[in-house]
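Residue numbers (my numbering), protein chains in the order written: chain A, 1 to 268; chain B, 1 to 375.
Honestly, I wouldn't trust all of these hints.
Claimed, not checked - In silico DSSO-like cross-links for lysine-lysine, where the CA-CA straight-line distance does not exceed 30 Å:
#, chain 1, residue 1, chain 2, residue 2
1, A, 190, B, 257
2, A, 67, A, 125
3, A, 159, A, 198
4, A, 125, A, 41
5, A, 41, B, 257
6, A, 125, A, 159
7, A, 159, A, 204
8, A, 204, A, 67
9, B, 257, A, 125
Claimed, not checked - Across the chosen pairs, the derived CB separations fall in these ranges:
#, chain 1, residue 1, chain 2, residue 2, range
10, B, 215, A, 156, 43 to 51 Å
11, A, 156, B, 83, 55 to 63 Å
12, A, 67, B, 156, 27 to 35 Å
13, A, 195, B, 301, 41 to 49 Å
14, A, 66, B, 83, 46 to 54 Å
15, A, 106, B, 226, 17 to 25 Å
16, B, 252, A, 156, 17 to 25 Å
17, A, 57, B, 246, 28 to 36 Å
18, A, 152, B, 252, 27 to 35 Å
19, B, 87, A, 195, 16 to 24 Å
Unchecked claim - Residues from chain A that keep clear of chain B, each with C-beta distances beyond 10 Å, as calculated:
#, residue
20, 76
21, 97
22, 110
23, 123
24, 129
25, 212
Simulated from the structure, these hints should not be mistaken for laboratory data.
For each residue, glycine too, the CB sits at the ideal point set by N, CA and C.
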Amino acid sequence: MDRRIATTRTKACARGLALALALAASAQQAPAQPVPAPLTKACQPGNASISEDNPLPNVAAALAQRKTLRILAMGAAPGRISRHGGGYTEVIEAMLQGALKGVNVVLINRGISGELAASAAVRMKIEVALDDPDLVLWQVGTNDALAFVPVDSFIATVKDQIDWLRAHNVDVALVGLQFAPEMLRDAHYKELREALRKLAAQEKVIIIRFFEAMQIINQAAGKEPVSEQFERDEAGYNCLAQYVAHAITLGTFAKAGLPRREPTPPGK
Amino acid sequence: MPREPNAVDFWRGFALITIFIDHVPGLLYSQYTMTNYSLSDAADLFVFLAGWSMRLMADGEGRSMPTRLVMLRLFGRALELYAAQVLITMIAIAMLALSAIELSNPLLLEWHNASAVFNDPVPTHIGLAILTHQLGYFDILPLYVVLMLMAPFFALVDRIAPLWVLPVSFAIYFVALAFQITLPTWPVSGTWFFDPLAWQFTFVLGFVLARGDRGVGAWARRNIGWLRLIALPIVVAAMYAAHFNHLWDPTNVPSPKLFFLLDKAYATPPRLIQFLALVAVFSAAFPYIRRAAAAPWVGRAVMGLIDLLAMLGRNSLYVFCIGSLLSLSAQIVRYYGRGSVGSDTAVLILGVLIMAATAWIAESRRRARKPAHAA
Numbered sequence: 001m002d003r004r005i006a007t008t009r010t011k012a013c014a015r016g017l018a019l020a021l022a023l024a025a026s027a028q029q030a031p032a033q034p035v036p037a038p039l040t041k042a043c044q045p046g047n048a049s050i051s052e053d054n055p056l057p058n059v060a061a062a063l064a065q066r067k068t069l070r071i072l073a074m075g076a077a078p079g080r081i082s083r084h085g086g087g088y089t090e091v092i093e094a095m096l097q098g099a100l101k102g103v104n105v106v107l108i109n110r111g112i113s114g115e116l117a118a119s120a121a122v123r124m125k126i127e128v129a130l131d132d133p134d135l136v137l138w139q140v141g142t143n144d145a146l147a148f149v150p151v152d153s154f155i156a157t158v159k160d161q162i163d164w165l166r167a168h169n170v171d172v173a174l175v176g177l178q179f180a181p182e183m184l185r186d187a188h189y190k191e192l193r194e195a196l197r198k199l200a201a202q203e204k205v206i207i208i209r210f211f212e213a214m215q216i217i218n219q220a221a222g223k224e225p226v227s228e229q230f231e232r233d234e235a236g237y238n239c240l241a242q243y244v245a246h247a248i249t250l251g252t253f254a255k256a257g258l259p260r261r262e263p264t265p266p267g268k
Numbered sequence: 001m002p003r004e005p006n007a008v009d010f011w012r013g014f015a016l017i018t019i020f021i022d023h024v025p026g027l028l029y030s031q032y033t034m035t036n037y038s039l040s041d042a043a044d045l046f047v048f049l050a051g052w053s054m055r056l057m058a059d060g061e062g063r064s065m066p067t068r069l070v071m072l073r074l075f076g077r078a079l080e081l082y083a084a085q086v087l088i089t090m091i092a093i094a095m096l097a098l099s100a101i102e103l104s105n106p107l108l109l110e111w112h113n114a115s116a117v118f119n120d121p122v123p124t125h126i127g128l129a130i131l132t133h134q135l136g137y138f139d140i141l142p143l144y145v146v147l148m149l150m151a152p153f154f155a156l157v158d159r160i161a162p163l164w165v166l167p168v169s170f171a172i173y174f175v176a177l178a179f180q181i182t183l184p185t186w187p188v189s190g191t192w193f194f195d196p197l198a199w200q201f202t203f204v205l206g207f208v209l210a211r212g213d214r215g216v217g218a219w220a221r222r223n224i225g226w227l228r229l230i231a232l233p234i235v236v237a238a239m240y241a242a243h244f245n246h247l248w249d250p251t252n253v254p255s256p257k258l259f260f261l262l263d264k265a266y267a268t269p270p271r272l273i274q275f276l277a278l279v280a281v282f283s284a285a286f287p288y289i290r291r292a293a294a295a296p297w298v299g300r301a302v303m304g305l306i307d308l309l310a311m312l313g314r315n316s317l318y319v320f321c322i323g324s325l326l327s328l329s330a331q332i333v334r335y336y337g338r339g340s341v342g343s344d345t346a347v348l349i350l351g352v353l354i355m356a357a358t359a360w361i362a363e364s365r366r367r368a369r370k371p372a373h374a375a
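Isolated chain B, as found in the complex:
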């Protein structure tokens, strides 16, 4: 049996659907996602919850494992993510090529950084394999791969000196921002959309905050009341600023500038602080949502929503991969269907249904495998 719906799976499911919608530029419903009312977006939530899940693994089944086995398991997860990235990238390239041929439009070959794949395949295929060439909107998994390659190191520090995990992570984050250190792209010159050296801090924050018995996680739980009091005005002010675009002029900030800018690539402090404020406020929401599931009128719908999002969250890698390919399909469909309200609604409903079917098949497969193992 799959685990019961919990807050982590629920919010991860929410992040997956939001990423799917945000990755279809121009989609009518993309005006209503988190990014329009917040300085952070679903990518921050996804990475933070990945760190949180690592804690669940390390302190759950990993607690009884020797350190090297935990490290090996995390490294194995990095390989699994890498394989997923290579697979979906190749499928995406094939989708673009097929669409260009079927719709007789060579412009589709140049979409989302695919131009180099077709025009200069020799070095670009090396770039695809070593993750220095990423298709547009297929750039979260490469970040996740690097984070999982760093994860064994953080797991080791956590075993030896748990209170040092956050300071070490912060030091890397600080240096990355102070000197604008990021990973380069190749063969097309540029930089990674997400800087792993900066984003690892969001990941590690999830990892340390998930621990309830000591450290920052325990402190946050003890003080959650007044933390929410501080967080609420930040969330409300950010909502206003993001929605009405009332943001400060980035050229007027002092040096080192990245510490004061709202830069997604480096998960800069203003963005991160607002995200942590969101976490503090919305960490109270899930118990209320569960309680609403018992209400007489809307209860069934709320329960259905909880089950759906939690199921997506439990199977996040499969759903993320399918979601990425669905986003690209949706862009092609929108181009073909000329982006009407009807086609946008169909894209949204079909997309969520296919993501749900993917999660359901993955869970059915696991259920079918378990009795076979038991036998």
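The shape of chain A in the complex, shown without the other chains:
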């Protein structure tokens, strides 16, 4: 009996030791615990417009295996968005570098302003072959909306591209259409925006709904004269950079299986 207990204890100890060793080994292999990139107070109201429930398995794998994260930025790229220098992509890179301690973040900007999704899709395949990214950050839709590309054709292009990226082990995060109050009245713009949101939900892809986020921030700021619009756009892109960095770190969380904040039940 005692021997049996001793044997059981020995087995339990061995199992425990094996588990501890396995955990230690996995802890060594695991990426640095990603801390969500912070959002400034001004940008927090728009945070509701980010879908952050979708994991980024290839990003998580890259962090675990290489401690390097390669991001390919496609789509329109605004200029410098911080008074101290640094463009939209540089700000994202710096934020991710801060949030993912010990990880080398490389952001390759291949955005071409004015490019339609169909042209960007063709070019993106070549850039993926050349740059070998773990994640594609694709700002898409605004140019297609302004050029009146049919919604079905636009969505088919984006869907095919998401499928192609997945087949090539590359994650994707979409950045939706840009904001301008005048576009609230534009039916085609609205239809395209909505279709992109649905596609992202259906494909379980991170989408930063830039339009909606800016709409919330602008409502908070109130109506301002056009001369102040430029500064507001600059602030908008700054928030966008924060949302992107935030969403990427949360996407990595999702893969790591860390406990997520549960929504508060109604009435509590």
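Place chain B on chain A using the hints.
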């Protein structure tokens, strides 16, 4: 009198109209341009013919000039192109600003890389002046400026050791592709849409192939029959592949990858080979088109087309500049008119008419100046 229509002017006119259409994204007629049926497009044709024209200058009026004068003249052409680029860029920025105000839409300020101009004007204006900041669809002239800055060097090599022009150019092309060397953009980080170090090879190919008495140009003329036999299946296969999007997976190619990819920025070998095949096949076309001008029914229309395209080609810089601004106007008009078949047709017809009027005014001005000089 302007020179008689020839194949170079005709095809350059064709390239100019094609670039105008391709630079209006979403335009109904952009589905029928060269880029939808070929792995190369009008940009390759435009650059190749620029090299061809350089040969006409070097071996024509330049033959009797001392080398340094030829080099100076080419450098002067680079300055002229630079001035044109700065002018049309400033007009384009003003057009975007005016449209944003009139249509009350700040999104137009962010179109085509203009965002940095308005949001961060101090460094961006430096970038505009040194060509490291280019508006979307206004990126061919900066390439052309750099090519013309390289042109005096190639003209010099051509005078000293003509058989070395192509190997030197190929070596630069090879290194650019092997190490992905291109020019950076600033203040917005990125790279040039067209890599001048790679595209100079297309330009130099035009330059050496235009020479009929020796070198590669003479060899190509002697063997044009079987070259066309090889080229035809390449053209047909590329047409099928481009139209139905049956292309190879770019991630599966061996390293160095750029040698096997279809990349416009670097004018990569598969694209260049297909373009040269197109040149071999379509170099036979112009004499037939001229012959069709004598046909009883369609003759007048064909002659009109030849005259129109050749006139555009003879005045390519003016037409290109106006065409670039027309493409931007067309995008604004399409946005305002919501891109219907009617507005697209109007955009195409008006665009070609204005380009033709530009060429006609340029030629009238030259005609008026000549008698004055003679007097």
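| Okay, which hints does this one fail, numbers in order? | 1, 4, 5, 11, 12, 15, 19, 20, 22, 23 and 24
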